[in-house]
Amino acid sequence: MARKHPIELFMPPNMLKAKVGGGAGGPDMAAIKRAEDAMEALKSEFNNWIAEDVKKLIATRARYSATPDSETRASLLRTAHDIKGQAPTYNYPLIARVAASLSRMIGELPSTTGIPLHLIDAHVNAIQVIHKNKMQDTNDKTAQALCVELDARVDEVLAAVSAK
Amino acid sequence: MSDYRFDRLKVLVVDDNVHMRKLVTTILQAFGVVQILEAENGERAWSLLRESNPDVIILDWVMEGMSGVELIRMIRTNPQAPNPFVPVIMLTGHTSLEHVRQARDAGVNEFIAKPVSVKTMMSRLVSVIEHPRPYVRTASFFGPCRRRRNANEYHGPERRSETPKQAAE
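So the sequences go chain by chain: A and B. Residue numbering for the first sequence follows the numbering used here, starting at 1 and increasing by one per position. Residue numbering for the second sequence follows the numbering used here, starting at 1 and increasing by one per position.
Incorrect hints may have been included.
[Unchecked claim] Listed below are the simulated DSBU-like cross-link pairs for lysine-lysine, each with C-alpha atoms no more than 35 angstroms apart in a straight line: (1) 10(B) to 132(A); (2) 43(A) to 22(B); (3) 10(B) to 19(A); (4) 56(A) to 132(A); (5) 55(A) to 19(A); (6) 164(A) to 43(A); (7) 141(A) to 119(B); (8) 19(A) to 22(B); (9) 119(B) to 132(A).
By construction, these hints were calculated from the structure, which means they are not laboratory data.
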């Protein structure tokens, strides 16, 4: 059967290859080594960066609590989502896990459903505790138990909403 | 060993998080990229894009105001975009299949799932240099073909049609 709309498929000229060359086509190992060294040097700043992110999360949580509207909700979600993505780089995988749980709750609850403040606080407090105590080991039993508990509470909230 | 002249590249980094921009620019500088433009939101990125016509864009998905996906749609379809074929590498904390599909449908070339690593960044850069994908233009889509192989051999229905019924025709 003929298509209703034509499909045009074409290959634009590879201007990028013409510009940067590179005969072998594999990764530039020397450049990778330089970048890994640069990342290592940057690590001294990671503690400040995670501290700023935690502070920002506390502030966005306070704004949502004071004015729970779509704007403050989106801001809280963006902050949690950023921490989820970046905390592993800063060597705080447990913070990333808690932030992922918070993102999931905010992201999956319908926009017309308010987010339970006590559960936001539980996540934010957990992140503060992990940061304050520099808990960077994913095998920490207390932190693991806390993460499992938060996941379970979020599951309950989401299940209750979907059952309505 | 490769001998890429990364110093000839002009890269636009778009992320509303200053730390992530610093991380990405640090990696790019170590690769040898000299011309790095930074934008803290989609609106600023669009302005820089039109002024500077970068060779590659590294873009965050979740940003205040215009999202990364919205910006890619503009890059691919707005007549004022200087280069609708510019490779876009999306940085994202979203890793679900649905999110990947959404970004691919908007016209993303490559993904980097956070946390960012040096090796992944190099791999995606090499990929857009060495393995550019063909482009597809239909009534409802313009962007890189999602199929990496044998794109010319596809004879099935137009799956990005506006309605499921039309797609099935």
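Each hint tested on the structure:
Pair hint residue 10(B) plus residue 132(A) does not hold up; C-alpha atoms about 40 angstroms apart against a cutoff of 35 angstroms. Between residue 43(A) and residue 22(B) the CA atoms are separated by roughly 12 angstroms; this keeps the pair inside 35 angstroms, and the hint holds. Between the alpha carbons of residue 10(B) and residue 19(A) the distance comes to roughly 10 angstroms, so the proposed pair stays at or under 35 angstroms and holds. With a C-alpha separation of about 15 angstroms, the suggested pair residue 56(A) and residue 132(A) falls inside the 35 angstroms cut-off, and the hint holds.
A threshold of 35 angstroms between alpha carbons decides the hint, and for residue 55(A) with residue 19(A) the separation of about 43 angstroms lies outside it, so the pair is violated. Among the hinted pairs, residue 164(A) with residue 43(A) is inconsistent with the structure: their alpha-carbon atoms are about 47 angstroms apart, more than 35 angstroms. At roughly 32 angstroms between alpha-carbon atoms, residue 141(A) and residue 119(B) fall within 35 angstroms of each other, so this suggested pair holds. Our distance criterion of 35 angstroms between C-alpha atoms is met by residue 19(A) and residue 22(B), whose separation comes to about 25 angstroms.
Note on residue 119(B) and residue 132(A): the hinted pairing holds, with a Cα-Cα distance of about 31 angstroms set against a maximum of 35 angstroms.
Hint compliance for this structure: hints 1, 5 and 6 are not met, and every other hint is.
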